[in-house]
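**Q** Sequence:
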Amino acid sequence: MPNHTPLYDVHVALGARMVDFAGWEMPIHYGSQIGEHHAVRRDAGMFDVSHMGIVDLQGARVRDFLRYLLANDVARLREQGKALYTCMLNDSGGVIDDLIVYYMGDTWYRIVVNAGTRARDLAWFRRHGASFGVAIEERDDLAMLAVQGPNARAKVHAVLGERAEEARTLVRFAAVDVGQDMFIARTGYTGEDGYEIMLSADDVEDLWHRLQATGIAPCGLGARDTLRLEAGMALYGQDMDEDTSPLEAGLAWTVAFEPADRDFVGRTALDALRAAGGLRELVGLVLEDKGVLRAHQRVMTEGGEGEITSGSFSPTLGCAIALARVPAGAGGACQVEVRGRLLAARIVKPPFVRDGRAIIAL
Numbered sequence: 024m025p026n027h028t029p030l031y032d033v034h035v036a037l038g039a040r041m042v043d044f045a046g047w048e049m050p051i052h053y054g055s056q057i058g059e060h061h062a063v064r065r066d067a068g069m070f071d072v073s074h075m076g077i078v079d080l081q082g083a084r085v086r087d088f089l090r091y092l093l094a095n096d097v098a099r100l101r102e103q104g105k106a107l108y109t110c111m112l113n114d115s116g117g118v119i120d121d122l123i124v125y126y127m128g129d130t131w132y133r134i135v136v137n138a139g140t141r142a143r144d145l146a147w148f149r150r151h152g153a154s155f156g157v158a159i160e161e162r163d164d165l166a167m168l169a170v171q172g173p174n175a176r177a178k179v180h181a182v183l184g185e186r187a188e189e190a191r192t193l194v195r196f197a198a199v200d201v202g203q204d205m206f207i208a209r210t211g212y213t214g215e216d217g218y219e220i221m222l223s224a225d226d227v228e229d230l231w232h233r234l235q236a237t238g239i240a241p242c243g244l245g246a247r248d249t250l251r252l253e254a255g256m257a258l259y260g261q262d263m264d265e266d267t268s269p270l271e272a273g274l275a276w277t278v279a280f281e282p283a284d285r286d287f288v289g290r291t292a293l294d295a296l297r298a299a300g301g302l303r304e305l306v307g308l309v310l311e312d313k314g315v316l317r318a319h320q321r322v323m324t325e326g327g328e329g330e331i332t333s334g335s336f337s338p339t340l341g342c343a344i345a346l347a348r349v350p351a352g353a354g355g356a357c358q359v360e361v362r363g364r365l366l367a368a369r370i371v372k373p374p375f376v377r378d379g380r381a382i383i384a385l
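Sequential numbering from 24 applies to the sequence shown in the working numbering.
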């Protein structure tokens, strides 16, 4: 049986097309995936992301634990509520998961993990956390909404009133615990401004309806995928996985190699990969012929062959785009094999869209 979020009945009542996603029955759209995509780019949309895992880690040595467990360095987090995007690696340098960690105090960090990896992540936390004396709590009592778009924050403020007062001054990639089991983070996965709100599962349906009443559009996983692709954001299981290092997934910037004496899981493997050289790169593609770009299609460049990891039609740009792993240094014109035909494409540096505007030449 698939898992259901606390908003499952709401999605069904709204006529959502439900699909299985990582063992969860989730809405792919509510009638128009493209309409939902445009709602987020032009106004505000909201997503039920309660299938993702919220984990609290606490203990006197939790900072030391996370400095060892994660490729990025939580020592960079010095202000309460500040967030850090990072990968969690295996011993061979492959990505177990990409996640966000929030610093809530010297003895408390909150982590949000992907739905498809949450059980494995928890096992990995517990395997490595025991020797650090860290208490690990999966917050099944919390739900999570992502409210995204140029008008998203203002509409959330209008709904929450005084409860959102502390959130008004949040900088991007920061969060605040406003009490009564509500946690507001200025983070997201769409390339737009907005909030990710964690709150009691008992209260999420009421908040959903109040937000919808302000004109915030319910959005499904289909729009979330095209939005994140336009924003050049990697998707676990496609653009990276346990057999791919962050160095070949466009995520080298999330690895803190300094200080040099910090040991973390996967560091030895990454150091060896850097020394060996010849690493591939994750790049953006824009299709110049007519067609659709999809994962696993072959990419031919002057420097050799690569492969698309994520691809789709871009509603904002009106053309097909993709992320692809190609030989280092590849650039300019290339070709993509689509149903036995070689179609012309162009290599670009992602993101494709930021804050609702195209940032690549078409």
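Just so you know, the hints here were simulated from the structure itself, not pulled from any lab data. One thing to keep in mind: the hints can contain errors.
[What the hints assert, rightly or not] FRET-style restraints, in silico, Cβ to Cβ:
(1) K313 / Q103: 48 to 54 angstroms
(2) V42 / V182: 36 to 42 angstroms
(3) D204 / A153: 35 to 41 angstroms
(4) E325 / G38: 25 to 31 angstroms
(5) V35 / A142: 23 to 29 angstroms
(6) H151 / G341: 22 to 28 angstroms
(7) A177 / G301: 30 to 36 angstroms
(8) T237 / G326: 48 to 54 angstroms
(9) S115 / A45: 41 to 47 angstroms
(10) G301 / G58: 42 to 48 angstroms
(11) D284 / S115: 46 to 52 angstroms
(12) G354 / R233: 47 to 53 angstroms
(13) G58 / R377: 18 to 24 angstroms
(14) R233 / R364: 27 to 33 angstroms
Just so it is clear, the structure is predicted and the values come from calculations on it, not from any experiment. From the three backbone atoms N, C-alpha and C, an ideal C-beta is built for every residue, glycine too.
**Q** It remains to establish, for every hint, whether it holds in the given structure.
**A** A quick look at each hint next to the structure:
no. : hint                            : in the structure
1   : K313 / Q103: 48 to 54 angstroms : holds, 51 angstroms
2   : V42 / V182: 36 to 42 angstroms  : violated, 29 angstroms
3   : D204 / A153: 35 to 41 angstroms : violated, 28 angstroms
4   : E325 / G38: 25 to 31 angstroms  : violated, 49 angstroms
5   : V35 / A142: 23 to 29 angstroms  : holds, 26 angstroms
6   : H151 / G341: 22 to 28 angstroms : violated, 46 angstroms
7   : A177 / G301: 30 to 36 angstroms : violated, 49 angstroms
8   : T237 / G326: 48 to 54 angstroms : holds, 50 angstroms
9   : S115 / A45: 41 to 47 angstroms  : violated, 23 angstroms
10  : G301 / G58: 42 to 48 angstroms  : holds, 44 angstroms
11  : D284 / S115: 46 to 52 angstroms : violated, 22 angstroms
12  : G354 / R233: 47 to 53 angstroms : holds, 48 angstroms
13  : G58 / R377: 18 to 24 angstroms  : holds, 21 angstroms
14  : R233 / R364: 27 to 33 angstroms : violated, 50 angstroms
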